[in-house]
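Chains X and B supply the protein sequences, listed in that same order. The letter at position 59 of the first sequence is residue 59 when you use our numbering, and the numbering goes up by one with no holes. The letter at position 90 of the second sequence is residue 90 when you use our numbering, and the numbering goes up by one with no holes.
One thing to keep in mind: the hints can contain errors.
Under the rule of at most 27 Å between Cα atoms (straight-line distance), these lysine-lysine pairs were calculated in the BS3-like manner [said to hold, decoys possible]: (1) LYS57(B) <-> LYS70(X); (2) LYS17(B) <-> LYS57(B); (3) LYS51(X) <-> LYS36(X); (4) LYS70(X) <-> LYS36(X); (5) LYS36(X) <-> LYS11(B); (6) LYS70(X) <-> LYS51(X).
Beyond 10 Å from chain B on every Cβ pair, some chain X residues (computed) [claimed, not checked]: (7) ILE13; (8) GLU41; (9) LYS51.
A short, non-exhaustive set of chain X residues, derived as facing chain B with CB atoms under 8 Å [claimed, not checked]: (10) SER10; (11) THR24; (12) LEU33; (13) LEU45; (14) ALA48; (15) THR103.
Bear in mind the hints are in silico, worked out from the structure with no lab data behind them. The model shown is predicted, which means the values in this text are computed figures rather than measured ones. Every residue gets a Cβ at the ideal spot worked out from N, C-alpha and C, and that includes glycine.
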Amino acid sequence: GQQLNQSPQSMFIQEGEDVSMNCTSSSIFNTWLWYKQDPGEGPVLLIALYKAGELTSNGRLTAQFGITRKDSFLNISASIPSDVGIYFCAGSPNTGNQFYFGTGTSLTVIP
Amino acid sequence: GAGVSQSPSNKVTEKGKDVELRCDPISGHTALYWYRQSLGQGLEFLIYFQGNSAPDKSGLPSDRFSAERTGGSVSTLTIQRTQQEDSAVYLCASSPGWGPNPYEQYFGPGTRLTVT
Chain X
1 GQQLNQSPQS
11 MFIQEGEDVS
21 MNCTSSSIFN
31 TWLWYKQDPG
41 EGPVLLIALY
51 KAGELTSNGR
61 LTAQFGITRK
71 DSFLNISASI
81 PSDVGIYFCA
91 GSPNTGNQFY
101 FGTGTSLTVI
111 P
Chain B
1 GAGVSQSPSN
11 KVTEKGKDVE
21 LRCDPISGHT
31 ALYWYRQSLG
41 QGLEFLIYFQ
51 GNSAPDKSGL
61 PSDRFSAERT
71 GGSVSTLTIQ
81 RTQQEDSAVY
91 LCASSPGWGP
101 NPYEQYFGPG
111 TRLTVT
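Using the sequences and the hints given, assemble the complete structure.
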């Protein structure tokens, strides 16, 4: 199935630094979701986006729905050790029945 | 309230055997999804149920895979004549299907399937 292009594939950062990652698609999407997955667990929803240009925050996390509707961005400010994990984007081109997931960004925070 | 639950958490089976994986969605959620996640990979969509509508089976990789959802709640994913390439974590998610945030999917912990 289709997968989104998510970058970077991995990041190693110092605690306190800001993080940016993004997803791009060849198709227009109507919904973007961002998830975090810890080892051995299911993904946990972080932020949902429904409108082009929408900017939504959840604590230190901010995500944006690109105005072209073909991309989305996730920023984490002032990273802490518990931010470690794999971050996935997911997008749907239709009314929500099929979501395509990015390949994930593995984040390592060095104390 | 309770989240999405899946059982078993781990399943080891011999090649050629059939397996059934179960998902209990969040109460009241009308939409239910099954995904497959291979080691170090993203999630691969398998099937989607919404209310009483016909399921979207477009992601099922072969006719050995099937799923049903009884009474609009519990779902079972069945893999017949398992192959080694079926080894993966199978994740179930549910979403409200209506209201202001209809498509926000909440995931279960997954079932790790190993085919020997």
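Status of each hint after checking the structure:
Proposed proximity of LYS57(B) and LYS70(X) is supported: the alpha carbons are some 25 Å apart, at most 27 Å. This hinted pair checks out: LYS17(B) and LYS57(B) have alpha carbons roughly 22 Å apart, not beyond 27 Å. A C-alpha spacing of about 21 Å is found between LYS51(X) and LYS36(X), which places the hinted pair at or below 27 Å, so the restraint holds. Between LYS70(X) and LYS36(X), the direct Cα distance comes to roughly 21 Å. Compliance with the 27 Å bound is thereby established for this hinted pair.
For the given pair, LYS36(X) sits about 24 Å from LYS11(B) by alpha-carbon distance, which is consistent with the 27 Å threshold. At most 27 Å may separate the alpha-carbon atoms for a hinted pair to count; LYS70(X) and LYS51(X) meet this at roughly 12 Å. No Cβ of chain B comes within 10 Å of the Cβ of ILE13(X); the nearest lies about 20 Å off, and the non-interface call holds. Against chain B, the non-interface label of GLU41(X) is violated: not every CB pair exceeds 10 Å, the least being about 6 Å.
LYS51(X), annotated as away from the interface, keeps every beta carbon of chain B farther than 10 Å; the closest lies near 12 Å. Evaluation of the SER10(X) hint against chain B yields a violated restraint, the C-beta minimum of about 11 Å exceeding 8 Å. Interface hint status for THR24(X): violated, as the beta-carbon distance to the closest one in chain B is roughly 14 Å, over 8 Å. With 8 Å as the threshold, the beta carbon of LEU33(X) comes within range of chain B, its nearest partner Cβ sitting at about 7 Å, so the hint holds.
Using the Cβ-Cβ criterion of 8 Å, the hint placing LEU45(X) at the interface with chain B is satisfied: the shortest such distance is roughly 6 Å. Checking ALA48(X) against chain B: minimum C-beta separation of about 5 Å stays under 8 Å; hint holds. This hint holds: THR103(X) has a C-beta 5 Å from the nearest C-beta of chain B, less than the 8 Å allowed.
Checked against the numbered hints given earlier, the structure breaks hints 8, 10, 11 and satisfies all the rest.
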